[in-house]
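If you read the sequences in order, they're chains Z, L, R and S.
The opening residue of the first sequence carries number 1 in the numbering used here; numbering runs sequentially from there.
The opening residue of the second sequence carries number 1001 in the numbering used here; numbering runs sequentially from there.
The opening residue of the third sequence carries number 2001 in the numbering used here; numbering runs sequentially from there.
The opening residue of the fourth sequence carries number 3001 in the numbering used here; numbering runs sequentially from there.
Careful, some of the hints might be misleading.
With a Cα cut of at most 27 Å, we get these calculated BS3-like pairs of lysine-lysine [unchecked claim]:
id	chain 1	residue 1	chain 2	residue 2
1	L	K1061	R	K2061
2	R	K2061	L	K1079
3	L	K1085	R	K2064
4	S	K3064	Z	K61
5	S	K3079	Z	K61
6	S	K3064	Z	K79
7	Z	K85	S	K3064
8	Z	K79	Z	K64
9	S	K3085	Z	K61
10	Z	K85	S	K3085
11	S	K3061	Z	K85
Hints listed in this document are in silico derivations from the structure and should not be mistaken for laboratory results.
Since this is a predicted model, take the numbers as computed values, not measurements.
Number of protein chains: 4
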Amino acid sequence: MEPYVHLVQYYETDAMRITHHSNYIRFMEEARTDYLERLGMGYDRMEAEGLRSPVMNVECKYLKTTTYADRIQIYLYVKSHTSLKIEFGYVMQVDGEVVCTASSWHCFMDANHRPVSLQQRYPDFFERMLALQSPLA
Amino acid sequence: MEPYVHLVQYYETDAMRITHHSNYIRFMEEARTDYLERLGMGYDRMEAEGLRSPVMNVECKYLKTTTYADRIQIYLYVKSHTSLKIEFGYVMQVDGEVVCTASSWHCFMDANHRPVSLQQRYPDFFERMLALQSPLA
Amino acid sequence: MEPYVHLVQYYETDAMRITHHSNYIRFMEEARTDYLERLGMGYDRMEAEGLRSPVMNVECKYLKTTTYADRIQIYLYVKSHTSLKIEFGYVMQVDGEVVCTASSWHCFMDANHRPVSLQQRYPDFFERMLALQSPLA
Amino acid sequence: MEPYVHLVQYYETDAMRITHHSNYIRFMEEARTDYLERLGMGYDRMEAEGLRSPVMNVECKYLKTTTYADRIQIYLYVKSHTSLKIEFGYVMQVDGEVVCTASSWHCFMDANHRPVSLQQRYPDFFERMLALQSPLA
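Chain Z on its own, in the form it takes in the complex (with noise of 0.2 Å):
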């Protein structure tokens, strides 16, 4: 599956002339709703289905800073999950090159904030989220 792209825009770098740290963990949730989206789990759907995901844990790992105008590639794929609790991993490039790795753990819960299992409820679905590859496996 095609990455999602971020371009990075001036507000988001900071003193040093780089972007600054904290939007990386913004980057990965515009590229998790962007690839949920395209995998038949957009936001009007999740709406629908009065699904939500909250994020309980992130890690982010700065290998290379970006800066202002850089085209950042954000692949996602599943790096691990249990019946209730999955957790994506995040692989960033500019140019080829590893900027950043990353990893989200998310629970998800209907609209009465019962944990829903999403591989038992949408097999599909989660069958087409375990299919998405690290660039870097």
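We have chain Z; now place chains L, R and S onto it with these hints.
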């Protein structure tokens, strides 16, 4: 009344090594909610009364740059008002020098999205607001 | 010219479930740099020429709220100009409806902080800029 | 040492009516620079010494949601260190309850991008840092 103070954070700077101009709109919100709280209309009371004040317009004039670790003193006052609309004025200073002046226009609505006249419903609070002075006046 | 498109991200919403008003100032910057690049004055060229364009003022009128996953189409045009100062106009639409109109004023400076007249130094680029049209005109 | 306090702003909330998770990374930076300043290594001194401390990794565990107007107390301490790398730990509390725990890893460099051992170059400051305690310890 004492001005609200915003200490510029590193993540608010940009690659020109100055505070990114979009952040002043956020500083305005910080100052406004701080002043309203000190005048007796804090978040808790607004929630309890179901009061909302959407922003209709903003205007911001950048006079001098600021940067990381600057302490911006922000003064709020009522620049103009009709029965349903208030224009807040902002004067931002660092070390006694004006760095930015700004305005924001707000209407006020109750929980049923009906317009509220602050002057009629909260005359004491409204008078305290009107007593705020621009430091440049 | 095709408008710039900003897809509203979840992290740009606020507790009223709408796009926080401060973000529109950032969308303006995104649209401006995108248009300038398409008109032949991209980041690389500006860097090479030592050209900077500080923001002097911004004005933003919020007409309709937007929210997560909305696609905001942003049109840029030159609203007024003197030899040293340009006022850009912005019209933001979602599904053909105007949600926000805005202006920003800029001067241009070279690497030595001397004011630059775009019209004299880059007449072709300047003319292309002047040819931009407001969709409301 | 007294914790750093961050008052959650409206613009830091999202459509779930909670503080957006990316902002905690920013709160970490606020707390870190505030503690370093109180320990005698403020921005002015770091600038004067040409000292920089890029963020290598961050980790953040979200335990309870927070929202607008919450006062987050942030405790900083040294979780681990080698001669060239420091892991700061963060404990964030609201009303005595832990809402978030986090870590960030930093190296230190001088103006010539050479690694600096804080322990060797600033032994007094380093000792004051090591004396910081986690409130959970």
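Here's how the hints hold up against the structure:
1. L:K1061 - R:K2061: holds, 15 Å
2. R:K2061 - L:K1079: holds, 18 Å
3. L:K1085 - R:K2064: This hinted pair holds, its Cα atoms lying about 17 Å apart.
4. S:K3064 - Z:K61: holds, 24 Å
5. S:K3079 - Z:K61: holds, 18 Å
6. S:K3064 - Z:K79: Holds: K3064 of chain S and K79 of chain Z sit about 24 Å apart, inside 27 Å.
7. Z:K85 - S:K3064: Judged against 27 Å, a Cα distance of about 17 Å means the pair holds.
8. Z:K79 - Z:K64: holds, 22 Å
9. S:K3085 - Z:K61: holds, 14 Å
10. Z:K85 - S:K3085: violated, 32 Å
11. S:K3061 - Z:K85: Holds. K3061 of chain S to K85 of chain Z sits at ~14 Å (cutoff 27 Å).
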